[in-house]
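Participant: Sequence:
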Amino acid sequence: MIDVTLLSVLQGVAEFLPISSSGHLVVGKSLLGLGDTGMRLDIFLHLGTLAAIFVFYLSIVARVIRNLEWSYMFKIALSAVPAGIVGVLFKDDLEAAFSSPKAVGAALVFTGAVLVSTRFMPRGSGPVTWLKALIMGIAQAVAILPGVSRSGMTLSAARAAGVDAEKSAEFSFLMSAPPIAGAALLETLKAFKAGEAAVANEVSWGLTAYGCVLAAVVGYVSLKLLVKSLKGRWFWAFGPYCIAVGAIVLCTTLFR
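Numbering (my numbering), first residue to last: 989 to 1244.
Please keep in mind that the hints were generated in silico from the structure rather than gathered at the bench.
Any given hint could be a false lead.
[As the list claims (entries may be wrong)] Below, a list of computed lysine to aspartate or glutamate pairs in the EDC-like style, where the Cα atoms sit at most 20 Å apart:
| hint | residue 1 | residue 2 |
| --- | --- | --- |
| 1 | 1079 | 1158 |
| 2 | 1090 | 1154 |
| 3 | 1181 | 1057 |
| 4 | 1155 | 1081 |
| 5 | 1216 | 1154 |
| 6 | 1219 | 1154 |
| 7 | 1090 | 1080 |
| 8 | 1178 | 1057 |
| 9 | 1216 | 1152 |
| 10 | 1079 | 1152 |
| 11 | 1219 | 1152 |
| 12 | 1155 | 1080 |
| 13 | 1178 | 1190 |
| 14 | 1090 | 1152 |
| 15 | 1079 | 1154 |
| 16 | 1216 | 1158 |
Keep in mind the model is a prediction, meaning the values are calculated, not measured.
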């Protein structure tokens, strides 16, 4: 219960701030001595923060559905294609990366460098076009690697492409819905098909559900903080934090 609570709070804080929730989960599990707990908890913690997105952007989601804004929906679908391709082709390699703190450390340094670079990019004012939706989708695919921040990559790509900060935040978080929901569905089907013996190392469904709800509550607060940072001029400031954490993780894994 304590381990899942700590990981859920970590997920809720790190999912929306551009510091990589998946990377922090890998490091957190390593520090807690949990070892390999499977993918179920990770996916459902992400599902909890996905619920926070829908609550935060409820009026926008309702508007898109009510007015049948097909163009917006298809742009979200397009943005999910790169992540889907990477997830299918490199599934085993990605799962292995989720248990490697060394890989996470290197990815966090990379994320930090990208975030720092946004300090020197002009603030955009344009909409999310089809091409820019695809660019953000490619950035999201790169962020499947633990330690590479999804929000950091997609928002940095949007800024480089000249998208308005508020529009890019809205699209960035809504575009995460298809891959996260799809991964959660596949994991649920796999668990029911395989039976308990095949997933003995997984966290129980009860604790998984608890973690999902807690991550949603903490994630909502985190999302409000990130949107505020995008309206200001300190989004890049998360970069030095990522670089520092990544460097510490690399040092402790390479020289122990």
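Participant: Going straight from one Cα to the other, do residue 1181 and residue 1057 come out at no more than 20 Å?
Facilitator: violated (37 Å)
Participant: With the threshold set at 20 Å, check whether the alpha-carbon distance from residue 1216 to residue 1152 stays at or below it.
Facilitator: holds (14 Å)
Participant: Straight-line Cα separation of residue 1090 and residue 1080 no greater than 20 Å?
Facilitator: holds (17 Å)
Participant: Taking only the CA atoms, is the gap from residue 1178 to residue 1190 under or equal to 20 Å?
Facilitator: holds (12 Å)
Participant: With a cut-off of 20 Å on the C-alpha distance, tell me whether residue 1079 and residue 1154 pass.
Facilitator: Violated, at roughly 33 Å.
Participant: For the pair supplied as a hint, residue 1079 and residue 1158, confirm whether the alpha-carbon distance does not exceed 20 Å.
Facilitator: violated (28 Å)
Participant: Under the criterion that the straight-line Cα-Cα distance not exceed 20 Å, is the pair residue 1178, residue 1057 satisfied?
Facilitator: violated (34 Å)
Participant: Would the hint linking residue 1090 and residue 1154 be met if the CA-CA limit is 20 Å?
Facilitator: Violated - the C-alpha atoms of residue 1154 and residue 1090 are around 34 Å apart, more than 20 Å.
Participant: Check the hint pairing residue 1219 with residue 1152 against an upper bound of 20 Å on the C-alpha distance.
Facilitator: Satisfied, since the Cα-Cα distance of roughly 10 Å is no more than 20 Å.
Participant: Keeping to a limit of 20 Å between CA atoms, is the pair of residue 1155 and residue 1081 held or broken?
Facilitator: violated (33 Å)
Participant: Going straight from one Cα to the other, do residue 1090 and residue 1152 come out at no more than 20 Å?
Facilitator: Since the Cα atoms of residue 1090 and residue 1152 sit roughly 35 Å apart, the hinted pair is violated (cutoff 20 Å).
Participant: Holds or violated: are the alpha carbons of residue 1216 and residue 1158 at most 20 Å from each other?
Facilitator: holds (12 Å)
Figure legend: structure checked against the earlier numbered hints; hints not met, in rising order: 1, 2, 3, 4, 8, 10, 12, 14, 15.
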